[in-house]
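Enquirer: The chain contents come next:
Number of protein chains: 2
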Amino acid sequence: MEHKITMSHGSGGEKYRELVQEIFLPAYCNEYLSPLTDSAILAGEGKIAMTTDSYVVKPLFFPGGNIGNMSVSGTVNDLAVSGALPKYISVGMIIEAGLEIKVLKRIVDSIADTAKKAGVKIVTGDTKVVESKSADGIFINTAGVGVFPSGRKIPSQKIKAGDKIIVSGCIASHGMAVMNARNNLGFLPPIESDAAPLGNLVSAIFKHDDYIVHAMRDPTRGGVAATLCEWVTSGTDIVIYQKSIPIRSDVSAACRLLGLDPLHIANEGVILFSVPENCANDVLSVLRKEEYGKYSAIIGEVREGSGTVSAITDFGSKTRIMMPKGEILPRIC
Amino acid sequence: MEHKITMSHGSGGEKYRELVQEIFLPAYCNEYLSPLTDSAILAGEGKIAMTTDSYVVKPLFFPGGNIGNMSVSGTVNDLAVSGALPKYISVGMIIEAGLEIKVLKRIVDSIADTAKKAGVKIVTGDTKVVESKSADGIFINTAGVGVFPSGRKIPSQKIKAGDKIIVSGCIASHGMAVMNARNNLGFLPPIESDAAPLGNLVSAIFKHDDYIVHAMRDPTRGGVAATLCEWVTSGTDIVIYQKSIPIRSDVSAACRLLGLDPLHIANEGVILFSVPENCANDVLSVLRKEEYGKYSAIIGEVREGSGTVSAITDFGSKTRIMMPKGEILPRIC
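If you read the sequences in order, they're chains F and D.
Each residue of the first sequence is one higher than the one before, starting from 1 at the first, in the working numbering.
Each residue of the second sequence is one higher than the one before, starting from 1001 at the first, in the working numbering.
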C-alpha cells in the first residue's frame, strides 16, 4: 500500500476497497460491519439499520440537485436498499468560514424538502466551522437509521444463477451532470442529475409479499460496473445487454464525446435489483408505476460461471467489465 | 443575522445558537429534534437514542488524545448523558489527499481502542478524499445509536430548585491541552486532555434505581458556563462556588496567564449533573469510585430565581456568568 492518501482512495474503486480492507476492517472488526453492506443491520429490540455518508460534491449546486438533497437521498437510499424503512437522519455540517448564509439557507431548505419527500425526520445535528481555505464551502455528513416493518423479508444481498438484473432508471446522469457543471463543458440544455430519495420505490415492491429480491444496491461511486463486480461470486457470471440499458441521449452523447463508460459513472437516483426470473416482470411493472421508476428495465442476468461480469455490446460482441480503477470523477458525491 | 458564516458560528456560543434557531430548526422542525438535547430520543420498538458530531480538531494529535479517540468518546458521551446505553457508532471520514497512511492508521487504531473501551461497535462507515488544500488533514464525523435498558429512568433534562450541581472531573483540561499544543505555548509538562468515553460513569449511577438525576450534560464547546446557561430556567438561578470547582493546577495556571475563564473552556471527559439534594452525596460517592470520576465534586446549587447563573468567587464576591460569546477557541473538537 502507498504511504500517502491519493484522490483514488476516495473513488469507490479498487484503491478505496484496499483502504477499507487493509486499514478500517482489521481495526474495527465486528459482525455488524464485516458484511460491508451500505447499512449495518443492528440487533435492537426489533432490528434496526444504520448507515452514514459524507458529501463533498463540487459544485454545491448543479442541475437537478445540490449537496443538500444529495445528503438526504443518498443516505435514505442506502437504508432502503438494505430492506429497511428509512426513519431518522442526522445532519453534521463542516462549513468553511465565509460561506454565504443565503447559500447555507438554500442547502438547508433542500435538506428539509428532501427529508419530507422521503418520509424521514432530521432528529439530530451538529455544525462545525473551520477557517477559510481549511475546507471547500461546506461538507455534509448524514447518518440514517431505519426500521424493518414486521413481515418484511430482508434481502440476502446474494445473487443467484437464474436471476434477472433490473435497473430502476436511466444511468450515469448524476456523474455527468456534476461533471458538466463543474468543468463548464457546455452541454446544453444542462444535463440533470437523477438525485432522488428511493424509499418509496423499494416499499412498492415490499407491498407484494410474494415478490423475492435477492439483492438491491444503489450504484453510486464506481457506477453500475462497481456494483455488479461486487455482486458477482466465484460460482456466478453476470451478463448485461448494452442495448437494454436505459440512458438519456444527452448523457450518452456526453459520455461518448468524453470517452467515458456510462457503466462507471455515479448514479444518485437509481437502484439495481437481482431478482429470480419468475418474478422479474412483476417487479418491473411495479417499478414502472413509481415516479422514480418509469424507465426501469431488465438489463441482464446471472448465470452459473466463474466470477466475471461482461456486456453484450450493441454490435453483438462480448466485453469484460472490470471494477473501476483510480480516480474517475472525484467529488461527485 | 450576518450575511456570511464566521468562526463564531462554530463556537458553541451565542452565534452558534442563532444559526440553529434561525436556520436549522425552522427548516427541519419535528418533535424529536426540537428539544435540542445532545441525542434525539426516538420511538422505535423500544426507544433508541441517536446523536452525531463532526470533529475538526487541530492539531490532530495532542497530549492526552487525538481526533480519533475524541470522535468516539464525544459521541458516546452525548448518548450517555441522554440516559441511553451507547451501542453503535458510524465513522465518516473526509480526508485531504496527501495525508500519510501511517497517520490515518494511528487515528483508526485510536478509534478502535476507544470503541472497545466504551463498549460500542463501529457498524458502518464512509470515506471521502478531497484535493490537497480542500480540507485540513482529516475531518471525522461519527453518529451514535444507543438503547434504553428496561427500567432506566430517562432524565427530564430539567433542573429544579433545590438541586445540587455535580461535576465529574477537573474542568478545562481539553481546551487548554489543544491550545497549548496548537500554539506552542510551552507549558511543560504538556497539559493533557481529559478526552474519555463516559458511558460507564453514567451506568454506575443508573445501577442504583433510587438515585434521581434531573439533568446531565457533557460541557464541551462553550464549557461549563454554556451548559449552566442552557440549563437555567426563568424560575431558577444557578449559583456555583468557585473554590469547589476541580481544576488541575497546570490548567488553572495556563488559564490565568492567558486571561481565560476556565468555565468557558471545552471539556471532553467531564459530565455535569443536576440532582436532588437528598441524593447528591450518594451520587458523588458512586462517581468517585469510577476511573473517570475520581475528582467529582459538588460545585453549586439550583435556587428559585429569575434565570441567572452566577459564581461565588474565591474572594466571596458574586459574579454573573454569561453564555460565552464569539470565537473562544476554534477547532477544539
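If you're looking for bench data, these hints aren't it; they were derived computationally from the structure.
Heads up, some of the hints might be wrong.
Stated by the list, open to error - Far from chain F, by Cβ distances over 12 Å, these chain D residues were calculated:
no.: 1; residue: S1011
no.: 2; residue: S1082
no.: 3; residue: A1297
To be verified - Cut-off 25 Å, straight-line C-alpha distance, at most; resulting in silico cross-link-like pairs (BS3-like, lysine-lysine):
no.: 4; chain 1: D; residue 1: K1102; chain 2: F; residue 2: K105
no.: 5; chain 1: F; residue 1: K158; chain 2: D; residue 2: K1102
no.: 6; chain 1: D; residue 1: K1102; chain 2: F; residue 2: K4
Said to hold, decoys possible - Here are some of the chain D residues that sit facing chain F, going by a computed Cβ distance under 8 Å:
no.: 7; residue: K1004
no.: 8; residue: L1258
no.: 9; residue: I1298
If you're wondering where the values come from, they're calculated on a predicted model, not measured in any experiment.
Virtual Cβ for every residue (Gly too), placed ideally from N, Cα, C.
Enquirer: Looking at the structure, which of the earlier hints fail to hold?
Expert: Those not satisfied are hints 1, 2, 4, 5, 8 and 9.
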